[in-house]
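What follows is the residue order along each chain.
Protein chains: 2
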Amino acid sequence: MYKINENYLKLQGSYLFSNIAKKVAAFKSENPDKEVISLGIGDVTQPLCPAVIEAMHKAVDEMANAETFHGYAPDLGYEFLRSAIRKNDYLARGVDIALDEIFISDGAKSDSGNIGDIFSKDNRIAVCDPVYPVYVDTNVMAGRTGEFVKATESWSNVIYMPCTKETNFAPELPKETPDIIYLCFPNNPTGSTITKDELQKWVDYANQVGAVIIYDAAYEAYISEDNVPHTIYECEGAKTCAIELRSFSKNAGFTGTRLGFTVIPKELESNGTKLNALWARRHGTKFNGAPYIIQRAGEAVYTEAGKVQTKEQVAYYMNNAKTIIEGLKSAGYSVSGGVNAPYVWLETPNGMSSWEFFDYLLANANIVGTPGSGFGPSGEGYFRLTAFGTYENTLKAIERIKNL
Amino acid sequence: MYKINENYLKLQGSYLFSNIAKKVAAFKSENPDKEVISLGIGDVTQPLCPAVIEAMHKAVDEMANAETFHGYAPDLGYEFLRSAIRKNDYLARGVDIALDEIFISDGAKSDSGNIGDIFSKDNRIAVCDPVYPVYVDTNVMAGRTGEFVKATESWSNVIYMPCTKETNFAPELPKETPDIIYLCFPNNPTGSTITKDELQKWVDYANQVGAVIIYDAAYEAYISEDNVPHTIYECEGAKTCAIELRSFSKNAGFTGTRLGFTVIPKELESNGTKLNALWARRHGTKFNGAPYIIQRAGEAVYTEAGKVQTKEQVAYYMNNAKTIIEGLKSAGYSVSGGVNAPYVWLETPNGMSSWEFFDYLLANANIVGTPGSGFGPSGEGYFRLTAFGTYENTLKAIERIKNL
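Residue numbers (my numbering), protein chains in the order written: chain A, 1 to 404; chain B, 405 to 808.
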């Protein structure tokens, strides 16, 4: 008799955003007259920019003719896209990443889950708390997290690095030694980030204890301050300890278009085995490339027109973030984030729990946010609002909150 | 110190088709004047059909406007696509599959590798021999295959089901009891298939011994004979023992467009746990949907125009298959397949090994095929040619082989 992966049975409830979607659907069906505004899930609302649209139409036309048709893509992704990434995301920042250290994928969510495949089950992970749920859930599925402890709402074999008001929403080096460290800056969900000097401490630490850092830089485009690193490879020694995940979802609105990439330097070795080679093998065996049309769309993001147009989108969302922060502050809320990230992190008022505030906000202001406790135990008492709505809706939502 | 997944180090050589690509690249660089024709990898050459192109242009335009823009897709895929699949691939064949038993993905290769995630490491797999390498390699990565035995070119903990001339290229029920059985009909690489009555025996067997069948039906569109099942769910009892993988790569030329789906009936349970729920959890956590544009392309395959146009493509390739079979037969080769599948399977002449024949054909006829031994030990002495080339190249290739 076949046996299932029992680790799946340990998973708690369903994926956070599926849960929220169900609650919202129920509210809407009971209150069909209410206009619900979502500042919840990190999904974008602005359409794809003209440069990307044009590139896709052109690529679609190529697929219509035998002479220009494209079948299976090269294992690592098309060179035109990897070259554009190498030049614009790395060389332009003084970082030399080789073409075969870049792996094109269908997005950072898949990569952040799948990257675990190349590591042994016997690794102890460290995560920020609160944290993007995918890092933890995929490690639960892989059997790395131990058992769920109800009393503390946490996993017995996971090292949690609290990011709260007390730590300025940044993690501190853990007391216990982890094998795999997940870091995400600018951070989802708190919207906070750390300076290059602070990130350098993590790189030095990882190299010292023999840990690997999974560095999620999906929100890099939202960095507005000078001393914040855009890639972990700006730090010395990062190539021997860090894997970087990148996405087109938030810098170019590709949440429904699906494109991302992972960088694994060839210097990253474990007992003589290059992680780059392991990932190349996984990539070639369990994946068959992002669509040609979508890879051309990604290339267009790096054209002169694409850069200008996507920068405008980022600025649009960051103006929303400013609107949220200022509005909440004037309403007396304690808020952080929103300066180098499209997320605003607020303390729930009057000692409400995160889910109580979710229900309160949905019922009384018809606004959907994300309960901080859904991101980890230290998220309790906090709440995430995103800047990805339209400006009109963001303004309306903040007015409603002010009037509560 | 972090530890890698040591199972990866057991993998033999690199992925078959990467190996072939390297050999071909070397030959071309040494012989720049030679016109190499590939009948090797199963990649299509005909462009996407007009109905699909039109649907993609329309979807691209939708992505250009905020009112019609699409962000994150629903977890299981868009209902418009799942409804079209349900109606055309299942209800039309007398099979009732519910909408939430269909999971849209980026292709059958990813699914056939990822499906292993929901099963325990402690399952014994059975595969046809020869077989599509991804089934075996992904199980090596997961640690299910035991050790590689050089003498027999096989894995110690895998049950091989030989498909040779002696078995009419179909597997026989295994003597040892497997937990997970991989079946692919019409078959890649042999091009053979089995009747509905024969498949029923496998379904009965799986239900009897408590095995689960991973049924790869990627080549279903090439079935030309009446008594061959298009889906395993045509067999009674299949819903309690089978997962079906489907692809748009070969019926509609989506090899570079990337779309597929997996069906997991809710009747499929292990000790009360529904595999459908496990896969839903994996799908929602480690994947973020196929692009909206590509899902619209898939929907177009099921329109009246799309059906007519993709049928023409399949007929085009099957005419190539006929050309290959007749040509090889007239040249004295022993061939099979090519009637319900785009693959022709031939015995290597003069006792040559599969790789010897590969080198011989590349050097003397400048034709790329796939060595049978790359698909498993019982593939030794066989060779695969695919019907996915252009008609002109196929004709030219066969003339060259005849003149050897």
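It should be emphasised that the hints constitute simulated quantities derived from the structure, not laboratory data.
A few of these clues could be false.
When the alpha-carbon atoms are kept at most 30 Å apart in a straight line, the in silico DSS-like pairs for lysine-lysine are as follows [unchecked claim]:
(1) A/K196 / A/K274
(2) A/K266 / B/K426
(3) B/K670 / A/K22
(4) B/K525 / A/K274
(5) A/K274 / B/K407
(6) B/K426 / A/K150
(7) B/K525 / A/K121
(8) A/K150 / B/K491
(9) B/K491 / B/K579
(10) B/K407 / A/K196
(11) A/K3 / B/K605
(12) A/K28 / B/K670
(13) A/K10 / B/K678
(14) A/K307 / B/K462
(15) A/K121 / B/K407
(16) B/K426 / A/K10
(17) A/K239 / B/K600
(18) B/K678 / A/K3
(19) A/K274 / B/K414
The model shown is predicted, which means the values in this text are computed figures rather than measured ones.
Going through the hints against the structure:
Taking the CA atoms of A/K196 and A/K274, the gap is about 26 Å. The hint holds against a cut of 30 Å. Proposed proximity of A/K266 and B/K426 is supported: the alpha carbons are some 21 Å apart, at most 30 Å. Proposed proximity of B/K670 and A/K22 is supported: the alpha carbons are some 21 Å apart, at most 30 Å. A C-alpha spacing of about 25 Å is found between B/K525 and A/K274, which places the hinted pair at or below 30 Å, so the restraint holds.
The suggested pairing of A/K274 with B/K407 holds, with an alpha-carbon distance near 12 Å, which does not exceed 30 Å. Between B/K426 and A/K150 the alpha-carbon distance is near 53 Å, which puts this suggested pair outside the 30 Å criterion. The straight-line distance between the Cα atoms of B/K525 and A/K121 is roughly 11 Å, inside the 30 Å bound, and the hint therefore holds. Straight-line distance between C-alpha atoms of A/K150 and B/K491 comes to about 44 Å, which puts the hinted pair past the 30 Å bound.
With a C-alpha separation of about 38 Å, the suggested pairing of B/K491 with B/K579 is violated against the 30 Å cut-off. Distance restraint check for B/K407 and A/K196: the Cα-Cα separation of roughly 28 Å lies within the 30 Å cut-off, and the hinted pair is therefore satisfied. This hinted pair checks out: A/K3 and B/K605 have alpha carbons roughly 22 Å apart, not beyond 30 Å. For the hint pairing A/K28 with B/K670, the CA-to-CA distance comes to about 28 Å; that is within 30 Å, so the pair holds.
Under the criterion of a C-alpha separation no larger than 30 Å, the hint pairing A/K10 with B/K678 is consistent with the structure, at around 15 Å. Taking the CA atoms of A/K307 and B/K462, the gap is about 25 Å. The hint holds against a cut of 30 Å. Of the supplied pair hints, the one linking A/K121 and B/K407 holds, its CA atoms being roughly 8 Å apart against a limit of 30 Å. Between B/K426 and A/K10, the direct Cα distance comes to roughly 44 Å. Violation of the 30 Å bound is thereby established for this hinted pair.
A distance of roughly 55 Å separates the Cα atoms of A/K239 and B/K600; the hinted pair therefore is violated under the 30 Å criterion. Taken as a hint, the B/K678 and A/K3 pair is honoured in the structure, with Cα atoms around 12 Å apart against an allowance of 30 Å. For a cut-off of 30 Å, the pair hint linking A/K274 to B/K414 stands: about 15 Å separates their Cα positions.
In summary, the structure is inconsistent with hints 6, 8, 9, 16, 17 from the numbered list given earlier, while agreeing with the others.
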